[in-house]
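Read off the chains here:
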Amino acid sequence: MDEITITVDGQQIKAEKDQTVIEAAREAGIYIPYLCWHPTLKAFGACRMCVVQIENMRGTPASCTTAATDGMVVTTKGPEVDQIRHDIMDMILSEHPHGCLTCPRIDHCGPQDICLRHANVVDRCVLCPQNERCELQDVVFHLQMNDSDLAYEYRNLPLDTSNPFIDHDMNLCIVCGRCVRACNEIEGVDAITFIERGDKTLIGTSLGGSLSDSGCTFCGACVDVCPVGAITEKDHKWSGAPERSITTICSHCSVGCQLELLVKGEKVVRSIADLSGPVNRGNSCAKGKFGYLFIHSDQRLTTPLIRKEGALVEASWEEALSLIAERLAQYKGPGFGAIASTRATNEECYLLQKFVRGVMASNNIDHRDSTCPSESVAPLGEMLGAAAMTNGFREMVDAKCLLVVGSDMTSDHPVAAIQVKEAVRQGATLIVVDPVETELALLATQWLRPRPNTEALLLAGMAKIIVDEDLLDQEFLSQKCEGLDQLKESLERFSLDQVEEAMGVDKGRLVEAARAYGTQSPAAIFYATGSSAQNAGPEIAKALADLAMLTGNLGVPASGVNPLRADANSQGAADMGCIPNTLPGYASLAQGAEAFGKAWGVSLPSESGAGYDEMMQRARDGSLKALLIVADTQRVDESPDPEALKNLEFLVVQDLFLTEAAKCADVVLPAATFAEKDGTFTNAERRVQKVNRVIEPLGGARPGWQIICDLARRIGASGFDYEGPHKVMEEIASLVPIYGGIRHDRLGVKGLQWPCPSLDHPGTPILHAESQNIGSGKGLLKPLDFQPAPAQADAEYPLLVMASTFREVKGVLELEGQVIATLNRNDAAALDLADSDEIEVVSKRGSVTARARVSPDSPVGIIMLAYPQTRVLVSTLYHAPADSTWDPTFLKGARARAAKLVAAGAGT
Amino acid sequence: MNYPGLVARAEEASRARFPRVLVQVGGCTRSVGAGVVFDSLLAEVTKRGLAVTVAVAGCDGACFQAPVVLVQTSESETFRLTQVEPTDVGSIVDDWLTTSPHESQDWKGTAALWPPADGPSGFWAGQTRLVLDNTGRIASLDPDDYVSGGGYSALHRVISSISPEEVIDLVLEADLRGRGGAYFPAARKWQGARATGRSPRYLLVNAEEGEPGIYKDRHLMEGDPFRLLEGIAIAAYAIGAETVYLYINGEANLSASRMARALDRAKADGLVGSKVLDSGFGFDIEIRRGAGGYVLGEESALMNSIEGQRNVPRTRPPFPVESGLWGRPTVINNVETLCNLPMMLAEACPEPGRRGDFKYAQVGSDTARGTKIISLSGRVQRPGLVEVAMGSTIREIVYDIGGGPPEGHEVIGVVAGGPSGGLLNADMSQGRDMLDVAIGPGMLDPAGAVLGSGGITVLDDTVSPVEVVRRLAAYNAEESCSKCTPCREGTKRMLDILDGLVEGRGKASDLEALEYMSDIVGLGSLCGLGQMAGGPIKSGLKHFKEHFTRAAG
Ligand SMILES: Cc1cc2nc3c(=O)[nH]c(=O)nc-3n(C[C@H](O)[C@H](O)[C@H](O)COP(=O)(O)O)c2cc1C
Ligand code: SF4
Ligand code: SF4
Ligand code: SF4
Ligand code: SF4
Ligand code: SF4
Ligand code: FES
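As given, the protein sequences belong to chains A and B, one line each in that order. Just so we're aligned, residue 322 is where the first sequence starts under my numbering, counting upward by one. Just so we're aligned, residue 379 is where the second sequence starts under my numbering, counting upward by one.
Just so you know, these hints were derived from the structure itself, not from any lab. Computed from a predicted model, the values in this text were never measured in an experiment. Check the hints yourself; a few may be wrong.
Unchecked claim - Quick list of the computed label-pair ranges, beta carbon to beta carbon:
(1) B:Thr621 <-> A:Asp323: 57 to 63 Å
(2) B:Glu685 <-> A:Asp1153: 48 to 54 Å
(3) A:Gln841 <-> B:Glu685: 21 to 27 Å
(4) A:Gly399 <-> B:Glu685: 51 to 57 Å
(5) B:His787 <-> A:Val394: 53 to 59 Å
(6) B:Glu685 <-> A:Gly530: 24 to 30 Å
(7) B:Glu544 <-> A:Gly748: 36 to 42 Å
(8) B:Thr745 <-> A:Gly399: 33 to 39 Å
(9) A:Ala562 <-> B:Asp662: 53 to 59 Å
(10) A:Lys585 <-> B:Thr621: 55 to 61 Å
Stated by the list, open to error - Now the stretches of chain A that chain B is said to cover, found in silico as 3 or more residues with beta-carbon under 8 Å:
(11) 363 to 372
(12) 409 to 418
Quick reminder that beta carbons are idealized off the backbone N, C-alpha and C, glycines included.
Just chain A, same shape as in the assembly (with noise of 0.2 Å):
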């Protein structure tokens, strides 16, 4: 980095090259005021706000758009910028209210106060939402600006408050064009823009319409960079300037982004994206910008119940606990199970498992992953030596290649997808492969659109290619991988002609995306099996590893196999161990039960243990007696089956929401959310990041790490005194290599990535890079079988459900606020359904009305449910997660069968 010296008003700083004047006095702590300016958005030199005079340069150039030169001297201050300044900021007064901003009362004033200067209610700061965290405020106080001669005009502008999140008040815009520019270049999306010319300017959606309709994502940057009160979220609009704020990591999926809660008065009250989030920065998508909401609800569970002449009451801590403890101690051994939540901390998953193993002597625990399940990430561990993400978000920009497999991203991993479609727009061929139409399917260079669960059966008909034209990585494969003749001999026994008969994609199509992936460097693999393959995810793993080895794309960065899990610590409740019969850090029983047994001071039971399925197949049969559930239910009801449930001796769920499982609990212990507690989310990039806790536990409420401890004690376990979840983090280190360096305060601001096996190791960003071996020892190669899709045939639900979101574009589907059931027009004719039809689609979990859609693309025996995605969000976002039927994931993957809607009354 070559560093130079600039001197600011007489004092030389230090400035990096390409640093603007602007940012290297930032850095210096010299302010110089700004406004269209902004941290994450490139310079745009349009306020002018930011003048300043430098030594043998004309005029008063802008510092935003400067770059500092060595030894430049700059003057930020004189009564000549001071000048322009302040007659700049006049001009911009002179169409902004500003009864209350030159007034010495506004510290003093609050909105009910009577004004003295009699302004206008349409001319005060005190009645504006933006009031005491402006930015505009800042700069006038800065420039000691007292009244302006400039008279006000309203511009009498009527307000946009037609969508749940976001309100437009262009009374207020300033024309920094902050806005359009982060719509544009943070989250790609450019549903804003400029509208008119002149001094008419403003800002509007590009489309015309509403926010909706012109593709808004609802991702919150233009709230996060608008200066002034002009673009505000919806939710606590009026709750003025924070009293602090604090940053964690976002509870909702893998991507992990960090996020500066802002509190006020112990209320979470806004939410931004943080700048130096190492995988966000500064980004975030609608469910970690609005989606907090849920951790004030009145819905929260706030004291523990217990289940009394078959009714839930309220309890006590000590009466709900001791309950517990006395039953559960009736069911040590394979009676008993436990389900781990994929939000709760890797401190948390780690003492789960740890009292499930070694207290209560079982093996049956698991966790549940609704995009990507641990068994579809599982070959990569046995192939790869690692069952994670080989490779990073932030760095998939620079792929050349991208194959994106059964995930819709930009709505469930919606920050990694914004790489995605970066790298799409610099040039990458981007290749999707799924039977559901994503927006990222309608983006690729190539959809290619398989029937469902025959994915992996495309996939191995791209490895024969890969083979067949011989685009393989010679030299990577002789020194990193062993197992090809075996995978050769596999594809020897299939043919092109059966594979395109499968899975119902023209193999020319095929053999352009193999050539694609096998011949553009670096190429990258992006892949979720929740969708769509229902049981074929380990076979799609396997077929991925074996693509990205026999292509050499392993190792360097924008390249490897990256499975996709769904929420913010599913990659951490694998890593601890929360998955039957593996112990944390992938133990096997067999390698650490001794290990693990010795750190703990007990014998770990040797048997097999039940995984999620297999636990709700034995309380149906009655041989798992009791179970625990921990959820951290925040969207989604995901609840297991009741029928289930019902059949267990004694059930415990700790949760935030009464879920349709915790009513069928006998104790249920109300859980403190992610803000709530401190401890650690591991992000699907194995990045293990720090949560911090903002506020305190709501009510009773009380964090999952504190109460299983106490349960633990009560139970007679030792070894479940902590002094706080760093110190629970001390003890996964000791044991779990690829955690060994991991210590809270490493963590910093930008997480460390596993394997980590030490205090001064940095963290590995990229898996596989520099040692010659894959693991622990070479790549494994697997053969591919073919097997073609069993057809699964049942009478009563003939339909596999498949659930998307839409963006709402009116004209172009004026079905609006509906939900949309695609199916094939086969189908709707054996179901005697036609066009526009209005259906009901019922599903064993519930059902849902839609407007029939028919069409001859559509896979055969799928019938495809397009949700409104300000709906979904709506639905997911801001009400008790209880009953969701808006949501997609709701029925997604479920067996349905379709038929009309008959309108009450017809027939009589």
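Got chain A; can you put chain B with the ligands on it based on the hints?
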């Protein structure tokens, strides 16, 4: 095709070219019926089965005489008929085409031999027509006609015997400066782009010409499109540009269609493409169109427009030569700038006296070389498009060439440089008569007037200078792209005050406020539009003080 091949073909063609009628059809003369004249003449000639070529030429600049028709009986004899109407077609054929005509023959307008001569000081005699040389005289879309006049000799010479670096040196030495208004040395930009060592490099030809009352680039494209293509080819060679974007104003349809047709011909003749004149040098030209108002002509707004972004200027640095279109080194040159190149670099000249012994540097003054095309308009007897040597005075342009004000009126001043320029007064109030200012790069007067792209609008005693300033200010306020605060808000506020003055609501403090705001807007604005928007106001206040004081009274 190689150059000798082109010359041979042109020689062949020139034998069959005459007799010929050229109808000067330009964007402006179409409005006075030139297109209809052409159609009728063609129909008449065809009907009578005459062996006469009828072709379209550009307008020669004498707008006050349009429509003009040239009757060329042979290579050496051309008659120029003015104020032609469609109904004159019969008599043109009878009197000028089927019989041997002579100059003093009866014609309702003027009839004269080409090149027109009108005494020691006059519309023609006052001009130094180097760049406009062909315009109006040759058939716009006949490449052979262009070659016969020496066309492509410069390109041939450059490609076959001069290295790009040497071309840059030659043009630097000749001191060719940008005719788009800023007068930056053209070859300095080429050098800058080359020096980056990065490719691809682009040449962006600015043919936006959005300034009101300016029509020089359009005249060049309509009347001499191959000259522009040759200039482009030379510049592309010097820069090492693979792709050239020719950005033509969205309303200049005639320019665009002639350029498109000329480009097709040039490609067919191997003058644009992978092997220019059969050499190893290749480049391509893409025509782009767009509408977007005055500020679109600003180079960085133009680049944004080509990239599909909003037409607002970018901040500098980086400068376009380092990071322009799509972040690549980009040179932006004006049409007129490039049209200077063929005659500058031609050496061998098939038509002695016009090109070969010409030394660009001998024309103009020491500080300003060459000529400038002036769009002369307003209260003057002979408005039009004229080309004068740099260093000519405004008086020469207004009186000698323009013939002074209409009978019985008096010139009170001029607007030089349009809305980004300023007013000059015609009396001695400033100690000297501002009409004696010589034209050249830079400010003509510190208060605001500039040569700019060459617009001179004459004001006489029927015009109110306050109203003129108000109109220019209204134009700037309307055209402000509104990106930066001082320009967006300031231009509007200055207009408000000027509206007050014109409508009789003026007050004494207005003048001071105007003066002050002009400075602030000038100092604070991002691009030339805002930086120069105070010019008309400040110069108006300075040179027409009594008018303003009266209005503020
Ligand atoms: C508001 C504004 C409008 C402009 N319009 C034009 C124009 O219409 N044509 C043009 O060639 N240059 C125009 N320019 C100048 C260009 O920015 C640029 O300097 C020029 O095209 C460079 O070419 P040259 O060096 O050959 O003159 C304009 C500049 C400003 C500030
Ligand atoms: S945006 Fe800021 S300055 Fe404007 S009214 Fe609101 S608080 Fe006051
Ligand atoms: S919320 Fe995001 S997508 Fe919507 S307008 Fe703002 S920046 Fe654009
Ligand atoms: S809405 Fe806000 S961010 Fe956007 S231009 Fe207006 S003031 Fe700036
Ligand atoms: S992308 Fe994921 S982690 Fe980031 S804000 Fe959205 S939901 Fe949260
Ligand atoms: S000076 Fe005017 S025209 Fe130029 S960028 Fe600023 S607002 Fe736009
Ligand atoms: S902050 Fe530099 S111009 Fe706006």
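Hint-by-hint comparison with the structure:
For the hinted restraint 57 to 63 Å between B:Thr621 and A:Asp323, the CB-CB distance of approximately 33 Å leaves it violated. Between B:Glu685 and A:Asp1153 the beta carbons are some 53 Å apart, a value that agrees with the proposed interval 48 to 54 Å. Distance hint check for A:Gln841 and B:Glu685: the Cβ-Cβ separation is about 25 Å, which falls inside the suggested range of 21 to 27 Å. With their beta carbons about 38 Å apart, A:Gly399 and B:Glu685 fall outside the hinted range of 51 to 57 Å.
Between B:His787 and A:Val394, the C-beta spacing of about 55 Å keeps the proposed range 53 to 59 Å intact. Distance hint check for B:Glu685 and A:Gly530: the Cβ-Cβ separation is about 26 Å, which falls inside the suggested range of 24 to 30 Å. Distance hint check for B:Glu544 and A:Gly748: the Cβ-Cβ separation is about 37 Å, which falls inside the suggested range of 36 to 42 Å. Distance hint check: the CB atoms of B:Thr745 and A:Gly399 are about 35 Å apart, consistent with the given range 33 to 39 Å.
As the Cβ distance of A:Ala562 to B:Asp662 is approximately 58 Å, the hint placing it in 53 to 59 Å holds. Taking 55 to 61 Å as the suggested C-beta distance range, the pair A:Lys585 and B:Thr621 conforms, at roughly 56 Å. For a cut-off of 8 Å, the count of residues in the region 363 to 372 of chain A with a CB near a CB of chain B stands at 8, and the three-residue condition holds. Here the region 409 to 418 of chain A counts 5 residues with a CB under 8 Å from a CB of chain B, which clears the bar of 3, and the coverage holds.
Checked against the numbered hints given earlier, the structure breaks hints 1 and 4 and satisfies all the rest.
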